[in-house]
Amino acid sequence: MTNDYSLAELMICAASEAWRGDGEVLATGIGLLPRLAASLSMQSSNPDLMMTDSEAWIVSEPVPVGPRGGYEPKRETWMGFSRIFDNVWGGKRHAMVGPTQVDRYGQGNISCIGDHAKPKVQMLGVRGFPGNSISHANSFFVPSHNKRVFVDGEVDMVASIGYNPARLPKGYSFDDIDIRLIVTNLCVLDFQGPDKAIRVRSLHPGVTLEEVQANTGFELHADAELPVTPAPTAGQLALIAILDPHNLRARQLKDNPPGVRASLAKTGGAA
Amino acid sequence: MDKRMSPAEIVGQLEDGMTIGIGGWGPRRKPMALIREILRSDLKDLTVVAYGGADVGMLCAAGKVRKVVFAFVSLDFIPLEPYFRQARETGVIEVMEIDEGLMVLGLKAAAMRVPYIPTAIGLGTDVLRCNPELKTVEADGREWLAMPALKLDAALLHVDRADRRGVCQIKGPDHYMDDLFARAAARTFVSCDELVDTDFFHRHPEEARYVFWERSETSGVAEIAGGAHPSACAPLYGFDVAHFKEYAASVKEEGGWQAYFDKYVAIGEQEYLARAGGFDAIRQLPLPVF
Chain S
1 MTNDYSLAEL
11 MICAASEAWR
21 GDGEVLATGI
31 GLLPRLAASL
41 SMQSSNPDLM
51 MTDSEAWIVS
61 EPVPVGPRGG
71 YEPKRETWMG
81 FSRIFDNVWG
91 GKRHAMVGPT
101 QVDRYGQGNI
111 SCIGDHAKPK
121 VQMLGVRGFP
131 GNSISHANSF
141 FVPSHNKRVF
151 VDGEVDMVAS
161 IGYNPARLPK
171 GYSFDDIDIR
181 LIVTNLCVLD
191 FQGPDKAIRV
201 RSLHPGVTLE
211 EVQANTGFEL
221 HADAELPVTP
231 APTAGQLALI
241 AILDPHNLRA
251 RQLKDNPPGV
261 RASLAKTGGA
271 A
Chain V
1 MDKRMSPAEI
11 VGQLEDGMTI
21 GIGGWGPRRK
31 PMALIREILR
41 SDLKDLTVVA
51 YGGADVGMLC
61 AAGKVRKVVF
71 AFVSLDFIPL
81 EPYFRQARET
91 GVIEVMEIDE
101 GLMVLGLKAA
111 AMRVPYIPTA
121 IGLGTDVLRC
131 NPELKTVEAD
141 GREWLAMPAL
151 KLDAALLHVD
161 RADRRGVCQI
171 KGPDHYMDDL
181 FARAAARTFV
191 SCDELVDTDF
201 FHRHPEEARY
211 VFWERSETSG
221 VAEIAGGAHP
231 SACAPLYGFD
241 VAHFKEYAAS
251 VKEEGGWQAY
261 FDKYVAIGEQ
271 EYLARAGGFD
281 AIRQLPLPVF
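These protein sequence lines are chains S and V, in that order. Numbered per our numbering, the first sequence finishes at 271, counting up by one with no gaps. Numbered per our numbering, the second sequence finishes at 290, counting up by one with no gaps.
So here's chain S without its partners, still in its complex pose:
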């Protein structure tokens, strides 16, 4: 096994696991790294996935990111926005999105920071978060794991429904909500703690539970023994190089850190 991979590549591989076992669903990765993660899954762990060209067509193979040169997307089905909603409401989709805030319930926010009536910072708006979160599986991608993202209390504007008993609509149960993974620059989280509590699933090489907890605004569930997030395989790295021929992934995380922290790499890898 090699230590010669970037944190971005580690996160792509960890995030691609979100779609394993999903079968024939539409995979949507919002942002470059989640899109590469979905693309990688379609080319490895789940070839039955469907993806779009991020414009208006389902393609038979993931479209490499960035300038296309002579590459023509292999379009197989028209998939304009109106049909995307038909798909969303039918439930055969798993999206990986990047909320600006996430709380202990898995509620996400991309709408605004501060009071909704007069926000401190107006962001995108709720977009499709409310409908996605009540209709199909969702995972989150958080490139900078800190307490501004993983907030104490609730997110400022609950754009996506989470496992919050106080907000559960009448007649609904947690079984109607399906949040799978949260992939961050420090770790992978899931919702398999007690009563859907957020649980540490694996730590990236060299990251401690203490560091993750110190950067999270609420208490995380964690087993005594925590696995290390698996390193990318040579096969995965080769696929990523094809899916991202211009190495745009190197520009997504500040300073493009290595997958194995430098201090560890010198001493021969993670303990």
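Calculated from the structure, these hints are not laboratory results. A portion of the hints provided could be inaccurate.
List time: in silico SDA-like cross-link candidates among lysine to any residue, alpha-carbon distance up to 25 Å [claimed, not checked]:
{"hint": "1", "chain 1": "S", "residue 1": "K92", "chain 2": "V", "residue 2": "P173"}
{"hint": "2", "chain 1": "V", "residue 1": "K171", "chain 2": "S", "residue 2": "G69"}
{"hint": "3", "chain 1": "V", "residue 1": "K135", "chain 2": "S", "residue 2": "R167"}
{"hint": "4", "chain 1": "V", "residue 1": "K245", "chain 2": "V", "residue 2": "F261"}
{"hint": "5", "chain 1": "S", "residue 1": "K147", "chain 2": "S", "residue 2": "D255"}
{"hint": "6", "chain 1": "S", "residue 1": "K118", "chain 2": "V", "residue 2": "E254"}
{"hint": "7", "chain 1": "V", "residue 1": "K64", "chain 2": "V", "residue 2": "L43"}
{"hint": "8", "chain 1": "V", "residue 1": "K67", "chain 2": "S", "residue 2": "G114"}
{"hint": "9", "chain 1": "S", "residue 1": "K118", "chain 2": "V", "residue 2": "T47"}
{"hint": "10", "chain 1": "S", "residue 1": "K120", "chain 2": "V", "residue 2": "R85"}
{"hint": "11", "chain 1": "S", "residue 1": "K120", "chain 2": "V", "residue 2": "R66"}
{"hint": "12", "chain 1": "V", "residue 1": "K108", "chain 2": "V", "residue 2": "G17"}
{"hint": "13", "chain 1": "V", "residue 1": "K171", "chain 2": "S", "residue 2": "D86"}
{"hint": "14", "chain 1": "V", "residue 1": "K171", "chain 2": "S", "residue 2": "E76"}
{"hint": "15", "chain 1": "V", "residue 1": "K245", "chain 2": "S", "residue 2": "S54"}
{"hint": "16", "chain 1": "V", "residue 1": "K151", "chain 2": "S", "residue 2": "I84"}
{"hint": "17", "chain 1": "V", "residue 1": "K171", "chain 2": "S", "residue 2": "Y71"}
{"hint": "18", "chain 1": "S", "residue 1": "K170", "chain 2": "S", "residue 2": "W89"}
{"hint": "19", "chain 1": "V", "residue 1": "K67", "chain 2": "V", "residue 2": "P148"}
{"hint": "20", "chain 1": "V", "residue 1": "K171", "chain 2": "S", "residue 2": "N87"}
{"hint": "21", "chain 1": "S", "residue 1": "K170", "chain 2": "V", "residue 2": "T136"}
{"hint": "22", "chain 1": "V", "residue 1": "K135", "chain 2": "S", "residue 2": "Y163"}
{"hint": "23", "chain 1": "S", "residue 1": "K120", "chain 2": "V", "residue 2": "K64"}
{"hint": "24", "chain 1": "V", "residue 1": "K64", "chain 2": "S", "residue 2": "P119"}
Starting from the known structure of chain S, arrange chain V on it as the hints suggest.
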């Protein structure tokens, strides 16, 4: 029947306080020439319903807007629309912030002439808290959000081509929700890059496949070459990245909007085209790669 109108005649049909739907999506296929015509007019107190881009931002900047019904307002490569953001953060506009799909259902309800469409979308979120007018109903032992009809007094759309009777063709990869906007509106006004004779649609049977609503939904047609600029009208032209950057940068300058308005809006559409580099240059704008 001849539905041709000038942009000024179209805007002359609009009144203060109206609810106006605007087609397109973010920086794509927005009826920007008609928006500029509104910016030059005395219209005010509009409620705007849109998958918003610079259309919403400019109307906010010019003080034309009382309320925005939106799920997002974005220029894509500039994620946060500068003047919409400014309007929100200074609290000068009312909003109804809803999910993208709720907007589909609201337009569909208006088009179907039903009061609401039940859905799970929005349940458990602050969309309900921030919009007290949204009610829930019960069926099958469950709560559902009753998305009310978003009835529009008028819709403004931009299409690739149309004939004088209001047969509209969108040749780009996506017609977005333009058909729903047309059906949800009491009257729909369309700008087109090219006005064609009806026999254009007869020459190749597939041309009619790119017509997404019947002409009875179209009230008026204005031929405005480059009328979507600076937004895209694929496959004719992409969006104007340099222009959007200049527009977005203006928000940071004292009197920035007024300077943009003086340079690009006040001067009228013919001079606008010239200052935007000319129609030939617009037609050369590369299509976006997503």
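Hint-by-hint comparison with the structure:
Among the hinted pairs, K92(S) with P173(V) is consistent with the structure: their alpha-carbon atoms are about 23 Å apart, no more than 25 Å. A distance of roughly 24 Å separates the Cα atoms of K171(V) and G69(S); the hinted pair therefore holds under the 25 Å criterion. The hinted pair formed by K135(V) and R167(S) meets the criterion: a straight-line CA distance of about 15 Å does not exceed 25 Å. Between K245(V) and F261(V) the alpha-carbon distance is near 15 Å, which keeps this suggested pair within the 25 Å criterion.
Simply put, K147(S) and D255(S) have alpha-carbon atoms about 21 Å apart, close enough for the 25 Å limit, and the pair holds. Taking the CA atoms of K118(S) and E254(V), the gap is near 22 Å; set against the 25 Å cutoff, the hint holds. Pair hint K64(V) plus L43(V) holds up; C-alpha atoms about 7 Å apart against a cutoff of 25 Å. Taking the CA atoms of K67(V) and G114(S), the gap is about 20 Å. The hint holds against a cut of 25 Å.
The straight-line distance between the Cα atoms of K118(S) and T47(V) is roughly 18 Å, inside the 25 Å bound, and the hint therefore holds. Taken as a hint, the K120(S) and R85(V) pair is honoured in the structure, with Cα atoms around 10 Å apart against an allowance of 25 Å. Simply put, K120(S) and R66(V) have alpha-carbon atoms about 20 Å apart, close enough for the 25 Å limit, and the pair holds. A threshold of 25 Å between alpha carbons decides the hint, and for K108(V) with G17(V) the separation of about 22 Å falls inside it, so the pair holds.
This hinted pair checks out: K171(V) and D86(S) have alpha carbons roughly 22 Å apart, not beyond 25 Å. With a C-alpha separation of about 18 Å, the suggested pairing of K171(V) with E76(S) holds against the 25 Å cut-off. Using a Cα cut-off of 25 Å, the hinted pair K245(V) and S54(S) holds, with the two alpha carbons roughly 23 Å apart. This hinted pair checks out: K151(V) and I84(S) have alpha carbons roughly 23 Å apart, not beyond 25 Å.
Between K171(V) and Y71(S), the direct Cα distance comes to roughly 22 Å. Compliance with the 25 Å bound is thereby established for this hinted pair. Using a Cα cut-off of 25 Å, the hinted pair K170(S) and W89(S) holds, with the two alpha carbons roughly 19 Å apart. Only pairs whose Cα atoms come within 25 Å are accepted, and K67(V) paired with P148(V) is accepted, the gap being roughly 16 Å. Of the supplied pair hints, the one linking K171(V) and N87(S) holds, its CA atoms being roughly 23 Å apart against a limit of 25 Å.
Note on K170(S) and T136(V): the hinted pairing holds, with a Cα-Cα distance of about 10 Å set against a maximum of 25 Å. For the suggested pair K135(V) and Y163(S), the alpha carbons sit about 22 Å apart, so the restraint of at most 25 Å is met. Proposed proximity of K120(S) and K64(V) is supported: the alpha carbons are some 23 Å apart, at most 25 Å. Distance check on the hinted pair: K64(V) and P119(S) sit about 21 Å apart at the alpha-carbon level, within 25 Å; holds.
Violation of the numbered hints given earlier is absent; every hint is satisfied by the structure.
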